[in-house]
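Novice: So you can see what is in the structure, the chains are spelled out below.
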Amino acid sequence: MPTPEQLMEFGALGAYLVLLIWIGVRSSRGIHNTLDYTVAGRDVAWIVVLATTAATMVGGGASIGSVSSVYQDGLVFALVTCAWHIQLIITGLWIAPRLRQLNLLTVAEFFGKRFGEPARLMAIVSCLIFLVGALVAQMVAMGKITETVLGIDYQVAVLGGAAIVIFYSTVGGIRAVVKTDVLQFVVLVAGIGAASVFLLMKNDGFSGLLAKTGEAPFQFTTEEWPAMRVITLFCAFFLGEMLVPPYAVRCFIARNPKGARWGVAGSGIFLLCFLPVAIFIMGLSAQVDPGVQQAVLETGSADSQIVFPTLMRETFPAAIAGIMIAALIAAVMSSGDSCLSCISTIVMEDIYRKLVDPGASDRRLLRVAKMATLVTGVIAAGCSFVYRDIVGILEFVYDFWAPTMVCPFLVGLFLYRKNQSYAATLCMLSGFISVGIWRFWLDTPGDFSPALFGFLVSVIVFPVALLFTHGMENTPLFEPQQEDRR
Amino acid sequence: MIPTWLLTSWHVLSIASAVVVLMILCWHALRPGPGDDLQEEIEMFTDEDEEILDRIWAEANK
Numbered sequence: 001m002p003t004p005e006q007l008m009e010f011g012a013l014g015a016y017l018v019l020l021i022w023i024g025v026r027s028s029r030g031i032h033n034t035l036d037y038t039v040a041g042r043d044v045a046w047i048v049v050l051a052t053t054a055a056t057m058v059g060g061g062a063s064i065g066s067v068s069s070v071y072q073d074g075l076v077f078a079l080v081t082c083a084w085h086i087q088l089i090i091t092g093l094w095i096a097p098r099l100r101q102l103n104l105l106t107v108a109e110f111f112g113k114r115f116g117e118p119a120r121l122m123a124i125v126s127c128l129i130f131l132v133g134a135l136v137a138q139m140v141a142m143g144k145i146t147e148t149v150l151g152i153d154y155q156v157a158v159l160g161g162a163a164i165v166i167f168y169s170t171v172g173g174i175r176a177v178v179k180t181d182v183l184q185f186v187v188l189v190a191g192i193g194a195a196s197v198f199l200l201m202k203n204d205g206f207s208g209l210l211a212k213t214g215e216a217p218f219q220f221t222t223e224e225w226p227a228m229r230v231i232t233l234f235c236a237f238f239l240g241e242m243l244v245p246p247y248a249v250r251c252f253i254a255r256n257p258k259g260a261r262w263g264v265a266g267s268g269i270f271l272l273c274f275l276p277v278a279i280f281i282m283g284l285s286a287q288v289d290p291g292v293q294q295a296v297l298e299t300g301s302a303d304s305q306i307v308f309p310t311l312m313r314e315t316f317p318a319a320i321a322g323i324m325i326a327a328l329i330a331a332v333m334s335s336g337d338s339c340l341s342c343i344s345t346i347v348m349e350d351i352y353r354k355l356v357d358p359g360a361s362d363r364r365l366l367r368v369a370k371m372a373t374l375v376t377g378v379i380a381a382g383c384s385f386v387y388r389d390i391v392g393i394l395e396f397v398y399d400f401w402a403p404t405m406v407c408p409f410l411v412g413l414f415l416y417r418k419n420q421s422y423a424a425t426l427c428m429l430s431g432f433i434s435v436g437i438w439r440f441w442l443d444t445p446g447d448f449s450p451a452l453f454g455f456l457v458s459v460i461v462f463p464v465a466l467l468f469t470h471g472m473e474n475t476p477l478f479e480p481q482q483e484d485r486r
Numbered sequence: 001m002i003p004t005w006l007l008t009s010w011h012v013l014s015i016a017s018a019v020v021v022l023m024i025l026c027w028h029a030l031r032p033g034p035g036d037d038l039q040e041e042i043e044m045f046t047d048e049d050e051e052i053l054d055r056i057w058a059e060a061n062k
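These protein sequence lines are chains D and V, in that order. For the first sequence, the numbering used here begins at 1 and goes up steadily by one. For the second sequence, the numbering used here begins at 1 and goes up steadily by one.
There may be inaccurate statements among the hints.
Claimed, not checked - Derived coverage of chain D by chain V (criterion: at least 3 residues anywhere in the stretch with Cβ under 8 Å from a Cβ of chain V; other residues may be distant): (1) 190 to 200; (2) 206 to 216; (3) 319 to 331.
No wet-lab data here; the hints were simulated from the structure. From the three backbone atoms N, C-alpha and C, an ideal C-beta is built for every residue, glycine too.
Okay, chain V solo, but in the shape it has when bound:
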């Protein structure tokens, strides 16, 4: 039979590991990633905007 003190220790480890992993995940989600500003800039333009920019670019290069 498994001793209850071993199960209790395992459960404490279980909860501690859950807290640590969730905290790291939160920290990762809140931390600004490399290139986030660039991504925001890219997302500012819709497909229609891109088409207009392409047309302007093509005309400028004529």
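Chain D extracted, bound-state conformation:
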């Protein structure tokens, strides 16, 4: 028999999920063509871009995972997470306006326009590896969090959560994704902000926390976290999500280049001010909270899913704790729905329209996008029953993204010349292969991040390849593609 507190939490979660479905249905009314479905008609205000980018960033890892890591490792982990936000600021200030000006639908389209068909195809493969992996990881996280926090069976939790995400993403496209992100952003910011103030007052400020925990969690580096490890992880976090499709789409949907700049950079500035110190307060408060300590003892280890929700239960009354727990589940959902939306756009634009039926009508393309959302969502939910190692899946996709994509992406934006197609393709290929060798064959020597290693290889290969190929004429296959969208 559930307790009254549990009933309140279930009630808050149920209300939240119904609200998400309602947003999806309402958003579907605004979908008239593929542009509405994939980039919200390119008419999103900067403050909404800010909210949706921040909400996409604050997934399960940046909320539940980070609080748990600060609980275990102290300040050092909170500081390392700054890499995510600094990356957003740099992307927003210098990259987002350029991307918005190009009127793109997908990241692969950019590679086709700059470096020709082989680079475009490699970009499609890289995007799909990243997005499918990230989507499966978010679905696993959704199931595990719901199972741990609310005691619902893992498979039921995955099926229920996935059904809701797939429903509103399919009917409402990116419009529904953006609106649900804004709702999640408001709830998370209000909840985390209120929790950090309340917990700091409860523990007599930072001086009180320092007195209770000792100096160890306030150190910049520790024995377990020497400077080299901190710097390597910081670089891996910085590169791991740089220019990934969910953020690139946030640049595409803005009303104008200025909106893209301040939407994306604003989210980075806001998160840098807001999140690291808030998760530091929550992680340390969890360290000194007897209720959290008891819950962690009962689970047998510093379980990454239990610290944050237990702290919310200890801090807030049941109904508000229920809303916060629902928002945490929605945080995971919103990162998943962004991946789902990006996959459907890739299938529609990069695969179906470019390779299968170039003359397809807009109505047909819209149907393909909706079908792709539905099918991919169902496949990802199925995969989450088989692969349940969230960290393993995420490490895999992050390791392959930066080495393959970041260097040619930046060259295409800032140092573009017409004769770089061969060098860019070689750079992508070398990054991809070197990560494979470093990770699977050499088994990551010296714990040096495969993403960082592969990125360094790609950065070295590009100028060397350019030196040998810059005088060569592009064959038709390597010729940069022209605008062909109607």
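We have chain D; now place chain V onto it with these hints.
Specialist: Same frame as chain D, but now just chain V:
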């Protein structure tokens, strides 16, 4: 070790930035956007209404 006064200042900045962003978001949500009246007008018509209007339009143009 990080000084506590720095953490306190950072936390004040954190809360201030949250308040500012949420206020701008509220202001944006409450402000009537360009073309809102037009959108309402469009949403007044259901798909069936649109079909009837199309038929009337087609007959008028015969």
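Novice: It remains to establish, for every hint, whether it holds in the given structure.
Specialist: Results of checking the hints against the structure:
no., hint, in the structure
1, 190 to 200, "holds (count 5)"
2, 206 to 216, "holds (count 4)"
3, 319 to 331, "violated (count 0)"
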